[in-house]
Amino acid sequence: MYQYDKYDQQMVDTRVAEFRDQVERRLAGELTEDQFKPLRLMNGLYLQLHAYMLRVAIPYGTLNSKQMRMLGHIARKYDRDYGHFTTRQNIQYNWIKLEDAPDILADLASVEMHAIQTSGNCIRNISSDQYAGAAADEIADPRPWAEILRQWSSFHPEFSYLPRKFKIAVIASDEDRAAMRLHDIGIQLVHKNGELGAKFYVGGGMGRTPMIAPEIRDFVPADELISYAEACLRVYNRYGRRDNKYKARIKILVHELGKEEYTRQVEEEFAHMKTLGLNPPVEELARITEYFADPAFDSNASDELDLSDPDFKLWVDQNTVAHKQPGYAIATISLKPKGGIPGDASSAQIDLMADLAEQYSFDELRVTHSQNIVLPHVKKSDLYALWQKLDQADLAPANLDLITDSIACPGLDYCSLANARSIPLAQKISERFADLGRQRELGELKLKISGCINACGHHHAGHIGILGVDRKGTENYQLLLGGSAAEDTSLAKITGPGFDEDGVIDAIETVTDLYLKERQEDERFIDTYRRVGMAAFKEAIYG
Amino acid sequence: MKILTGNDLKTGDVTWWTGSDWSRHVEDAVDVGENFEAILHEEEAARRVNVPYAIEAEMTDDGPRPAHIKDRVRALGPTVRPDLTLKPADPEAGNWVI
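First to last, the sequence lines map onto chains A and B.
Heads up, the first sequence is in the working numbering, so the first residue is -14 and it goes up one at a time.
Heads up, the second sequence is in the working numbering, so the first residue is 183 and it goes up one at a time.
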C-alpha cells in the first residue's frame, strides 16, 4: 500500500489546522454560513437531515487495518457507533458535531487519511477495481496509476473549481468491477504490442442524465496517461457549461460537442501538453509502484479446501473468487445481512474486519462500490477460520452478486436531497427473498436503489433498478430493468407507472418469476431481459 | 400553520422554534404565522441555529405535524434505525412519518 511521504503528510496536517481555524471562526460568528459552507464542503462536511455528515476518502477503496480501526474509533467516539460504506468506495458518518470535526480530521491525518475533495466541483476520490493487485484476470495492477492520479488531482490548482464534480475510475481487467464507463473518465489499462498503456472513455455518468462514456482513445502510452487526463480536463474546464448546474457535467459537453469534436480538441490540447513535460518522472512512478509490490505469499500454499461444512461451502461458492496466486482467494465480506442496511457496519464489526485483515489478508482491506468489504489476499487454508469469525459477527451472508446484495443510497432517512426512502426497500427485499436457495436459483442479479434522481444508488445500472420519487408528497417508486455497470454497460429503462413500497416489491417478484420461466440454459436475469425485451416484462407487471 | 426549524450550529441537531427558544421536539413548535422573517434574521445572527427556515405544518392531537415527509423524518429520526430516533421506545413511531 502507498504510504505518505513528508509532502503528503504536511499537506493533510496543514489542511486540518486550517479547517480548525475556520470552524473556530464560524462558531465565533466571524464567518456566516454562506461563507463557511464552501469551506466545510471542501473538507467533506455536509449538513444532512439530522446532523452534519462527514464523508471520508478511501483512495481507490484501499486501506490497511490501522486505518480501518481508526474508522471504527471515529464511529465509536464521535458518531453513533456505526459508519456507512458508500457507492464511491468511501465511508460516511451521519451524526457528526461541527465542533468535533477538526479533531476527527486530525485523527484521520494520523493514519494518512482525510476528507479532502469528497465534495465540491473538483476531482473526487479515484475509484478502482476492489480486486486490484489480487485478481487473476488483471493485466497490470491499477493501484499505482490510481495513486498517481490521486497525487496529480489533489489540490490541482487548475481543477479546484471545475464546472461540476468529476469522477475517475481506473481498471486493468476486461471484466469491469468498478462501473468504469459510468464515470466522467474511465481508464482501462491495456497492452498494445507489448507496451502498457490505457484506453480512455470520457463522458459517462448517472444522475439525472445517464450516459455511457464513449471510447475516445484506444491507447495512450502509460507514461503519457497523466498528460492525456489533463488534456481531457482542460477542454472540459474551458468549455463545460457553468450556466446550468444540471448541464455542467462533462457528459453533457461530450454529448453536445459530439465525441469526434471533443476528441479532436483533447488531442490538440494533448499535443500541446506533451511539450510541457508534465508526465510523472520515471523515478516517481517507480517509487510509487514499489509500494504496491505483492505481499510475501506462501509459494507452498495449498489449493485444497475442506468444504464438508455446507454453510461454509455456500459462502466459498458465492463470496470468494480466484486469486492470481495459487493457494489464495479473494474474499468478500457482505454488508447485506437479512433486514440490514446496505453498507452499514458497527464499530465492533469495523474493528473485527481490521483484525481479520491483519490476521488473514496481509493487513489489507478494500471497499467496493457495491458497499461490501474485500479481504484481497486470504490463504485458502485460512478461509474456514475466517468464515467462522465473520459468521459470529453477522458478516457472512453468502449473497455476493445475488438479489439481496443490493446497493442502496441513504435515501430520505438521511439525505437532504432525497425524495423517497431507499433503505426500507432494500430491507424488505432482503426479507422477501431471504431464502438463499431461491436467491441462488435467480443467480447474478444486480439490484440498485436510489432515493432521488441523483442516482447515488446507481439505479440506472441495475439489472433491476428502483428510483424513489415524490408524487404529491407521497413516496413512489419507479421500476427499471436492463441496466449494467459491468463491461456490458447498459442503462436501465423505466417499466411504466410507479408503485408504492409494497407494490414495487411485488413487481420485482413478478419480473423474477418471469425470468425463471423464460430463461434459457445459463442465462442471467440481464441476459434473458435483453433477449426477451421489455414488452414481455411490462405485460407481466401491468397486464 | 407555519413553524420554524433548522439545525443546531454546534451539534447539527434538528431544532424547532418554541416562541422563545429552540427545542429538539417538534411537539414544542409554535405557529409563527406569516411574521417569521424577523425571527429568522435574529436567530441566524445569534448563531445558535444554522440556516433556520419556515415550513408548513398541521396541528394534530399529538402536536404540530410537518406537511412534508422530509421534515417528519427530520423531526423523528431515521425510520430504519428506531433506536436512533427521538422515540426509541416506541416501535410504531415510524408510522407518524409515513
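Read the hints as simulated data drawn from the structure, not as lab findings.
Computed from a prediction, not measured in an experiment: that's the story for all the values here.
Just to be clear, a hint being listed does not mean it is correct.
As the list claims (entries may be wrong) - Now the in silico label distances, taken between C-beta atoms and shown as ranges:
#1 A:GLN377 <-> B:TRP278: 35 to 41 Å
#2 A:ASP498 <-> B:ASP272: 56 to 62 Å
#3 A:ALA278 <-> B:TRP278: 54 to 60 Å
#4 A:GLN377 <-> B:GLU240: 31 to 37 Å
#5 B:TRP278 <-> A:GLN505: 47 to 53 Å
#6 A:GLY243 <-> B:ASP244: 56 to 62 Å
#7 A:PHE204 <-> B:TRP278: 44 to 50 Å
#8 A:MET(-4) <-> B:ALA275: 57 to 63 Å
#9 B:PRO270 <-> A:ASP279: 46 to 52 Å
#10 A:LEU242 <-> B:VAL212: 36 to 42 Å
#11 A:GLU9 <-> B:ALA220: 48 to 54 Å
#12 B:PRO273 <-> A:HIS141: 47 to 53 Å
As the list claims (entries may be wrong) - Pulled a few chain A residues facing chain B out of the computed Cβ check, cut under 10 Å:
#13 TYR37
#14 PRO322
#15 TYR399
#16 ILE408
#17 GLN412
#18 GLU460
#19 THR495
#20 LEU499
For every residue, glycine included, the Cβ atom is placed at its ideal position computed from N, Cα and C.
Subject >> Hint check against the structure, violated hint numbers in rising order >> reply: Of the numbered hints, 2, 4, 7, 8, 10, 11, 14, 19 and 20 do not hold.
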